[in-house]
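Visitor: Letter by letter, the chains look like this.
Protein chains: 2
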Amino acid sequence: MAGTDRRKAYAADHVDKGAPAVVLVRTQLGENIGAAARAMLNCGLADLRLVQPRDGWPNVKALGAASGADAVLSSTRVYGTVEEAVADLNVVHATTARPRELLKPELAPRESVAAMREAAQGGARLGLLFGPEKAGLKNEELVLADAIVRIPLNPAFASLNLAQAVLIMAYEWRLASGPLEDIEEPPPPTGSARPATKEEILHFFEHLEGALDERSFYPTPEMRPKMVQNMRTMFERISLTRQDVQTLRGVVRALTGEPPRRGPPPGSAD
Amino acid sequence: MAGTDRRKAYAADHVDKGAPAVVLVRTQLGENIGAAARAMLNCGLADLRLVQPRDGWPNVKALGAASGADAVLSSTRVYGTVEEAVADLNVVHATTARPRELLKPELAPRESVAAMREAAQGGARLGLLFGPEKAGLKNEELVLADAIVRIPLNPAFASLNLAQAVLIMAYEWRLASGPLEDIEEPPPPTGSARPATKEEILHFFEHLEGALDERSFYPTPEMRPKMVQNMRTMFERISLTRQDVQTLRGVVRALTGEPPRRGPPPGSAD
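Chains A and B, in that order, give the protein sequences. All letters in the first sequence, in the order written, are residues 1 to 270 by our numbering. All letters in the second sequence, in the order written, are residues 1001 to 1270 by our numbering.
Any given hint could turn out to be false.
[Stated by the list, open to error] Cross-link-like lysine-lysine pairs, in silico, DSSO-like; alpha carbons within 30 Å at most:
hint, chain 1, residue 1, chain 2, residue 2
1, A, K134, B, K1061
2, A, K138, A, K61
3, B, K1061, A, K61
4, B, K1134, A, K61
5, B, K1104, B, K1061
6, A, K138, A, K104
7, B, K1017, B, K1104
8, B, K1138, B, K1017
9, B, K1134, B, K1226
[Unchecked claim] Listed next, with one range per pair, are the computed distances between beta-carbon atoms:
hint, chain 1, residue 1, chain 2, residue 2, range
10, B, V1143, A, A87, 30 to 38 Å
11, A, A108, B, D1070, 25 to 33 Å
12, B, K1138, A, A87, 47 to 55 Å
13, A, E206, B, P1219, 20 to 28 Å
14, B, K1061, A, W57, 21 to 29 Å
15, A, D88, B, G1064, 49 to 57 Å
By construction, these hints were calculated from the structure, which means they are not laboratory data. Idealized CB from N, CA, C, for every residue including glycine.
Extracted from the complex, chain A is given alone in its bound form (with noise of 0.2 Å):
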């Protein structure tokens, strides 16, 4: 019994803390929430966040797969979507099977992870995301991601196990980031350099398109998601930082004769 406590502890504080949150996207089944959890742990990976999991959270199933990943499941957080879940991280890339015509940059799994650890290196908090079983990420969803990692597979069966898909991101993850007894705790993101949060972009988003709305900038209103969504992958790509986040807000606010907003010019402080 104290052995096993010990190995609990132990087991907490053998945690990347810098190392990826992952967030499963209305999961079907407790089974692969456990068996992921039970994978992250095994490389290392801790803060794991459920959006609308199909059958509630705590989930006893979930607990019986995930073999004792507690340094996990104790910590698990779950949101109502999936924006909530990712608005305090910097890059999230997300996984699919499916060929999306997104614009996104397409990934394997080590340049994922070799693009996510530089981010890192620049104070980015990152974050994985995976779909449910079946149906996979909406494109409204898929749109909030940086960038899509594609898993080489065998074409003729290429649907993996949902805890399989986030193992394999999460032992890329460790291979590229060496034994778990070398990590360092990453510095502290400070400054208008610093990436953008996925909240800042998301009001940034939300300011612009409501400023369009009033403006009638939409033909017709059946045509408005699809042009939302191709407006938001585009300004996705920048890796906005939070100074440019500002400086587009500047811009609407301009453009659009909006008063400017109380506070420090732009860039006198942080």
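Starting from the known structure of chain A, arrange chain B on it as the hints suggest.
Guide: This is chain B only, laid out in the frame that chain A set:
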């Protein structure tokens, strides 16, 4: 039904005949055998061999967990001993989480796969040994292996699910061996998805900056050059398509209340 049959025939064709056989020794759970079969076929491996599976063979639970990996399950063979299972193979690596004192080379998964591929080029037939869920392989079984594979994991939580271990090895094999079929080149972008010309981008910049000039966007004239440069740099990072530029110009027109541009609606012609 015809579609499913076609998919299965295609899957059977898309098998990597030089890939390692997977030998599962005294596996307890049928689910793990099925999940291993699925992971194998995900990566193009199809030669599954079972040594004394606890619940016999065939196993309905394995069938369920395999999610249609019939190309693997239909050819799975059962053996009484590890010696018999590996008799026709030339190079066998064994995975284990436990440190042993067997004076065998210990390889990471990627090193193991590289060594096996090299052996295969000399004509060797390959195999990977996986022990039972809890106990691992016996020493007299490990002795049959040419090398021990150690998957680098969280030292505080290193117990990997059996099918997950199979997946990591199969995935590394797939990566090292290249895609099962040549990936088709995406067609060159044409029309509105083609990259914008520098001229189109400059016209957008001038349009935006002119609109901002008219609306006193810049706090002081001295700040204008730096702010313009920052905005241009930001948009240059997007790799704008022609459609992006049209969208952005439409956005500026809408926000400033300019009348929509004359001409065909966006996207109707190139």
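Visitor: For each hint, tell me whether it holds in the structure or not.
Guide: Hint check:
1. For the proposed pair K134 of chain A and K1061 of chain B, the alpha carbon gap of about 20 Å is at most 30 Å, so the pair holds.
2. Between K138 of chain A and K61 of chain A, the direct Cα distance comes to roughly 26 Å. Compliance with the 30 Å bound is thereby established for this hinted pair.
3. The suggested pairing of K1061 of chain B with K61 of chain A holds, with an alpha-carbon distance near 17 Å, which does not exceed 30 Å.
4. At most 30 Å may separate the alpha-carbon atoms for a hinted pair to count; K1134 of chain B and K61 of chain A meet this at roughly 20 Å.
5. The suggested pairing of K1104 of chain B with K1061 of chain B is violated, with an alpha-carbon distance near 35 Å, which exceeds 30 Å.
6. Of the supplied pair hints, the one linking K138 of chain A and K104 of chain A holds, its CA atoms being roughly 15 Å apart against a limit of 30 Å.
7. For the proposed pair K1017 of chain B and K1104 of chain B, the alpha carbon gap of about 27 Å is at most 30 Å, so the pair holds.
8. Restraint check: the Cα-Cα separation between K1138 of chain B and K1017 of chain B comes to about 29 Å, which is no more than 30 Å; the hinted pair holds.
9. Straight-line distance between C-alpha atoms of K1134 of chain B and K1226 of chain B comes to about 64 Å, which puts the hinted pair past the 30 Å bound.
10. Taking the beta carbon of each, V1143 of chain B and A87 of chain A are about 54 Å apart, not inside 30 to 38 Å as hinted.
11. Under the hint 25 to 33 Å, the C-beta atoms of A108 of chain A and D1070 of chain B, about 28 Å apart, fit the expected range.
12. K1138 of chain B and A87 of chain A have their C-beta atoms about 51 Å apart, which keeps the hinted 47 to 55 Å range intact.
13. For E206 of chain A and P1219 of chain B, the Cβ-Cβ distance of about 25 Å falls inside the hinted range of 20 to 28 Å, so the restraint holds.
14. Evaluation of the 21 to 29 Å hint for K1061 of chain B and W57 of chain A yields a pass: the beta carbon distance comes to about 26 Å.
15. The supplied range of 49 to 57 Å is broken by D88 of chain A and G1064 of chain B, whose beta-carbon atoms lie about 39 Å from each other.
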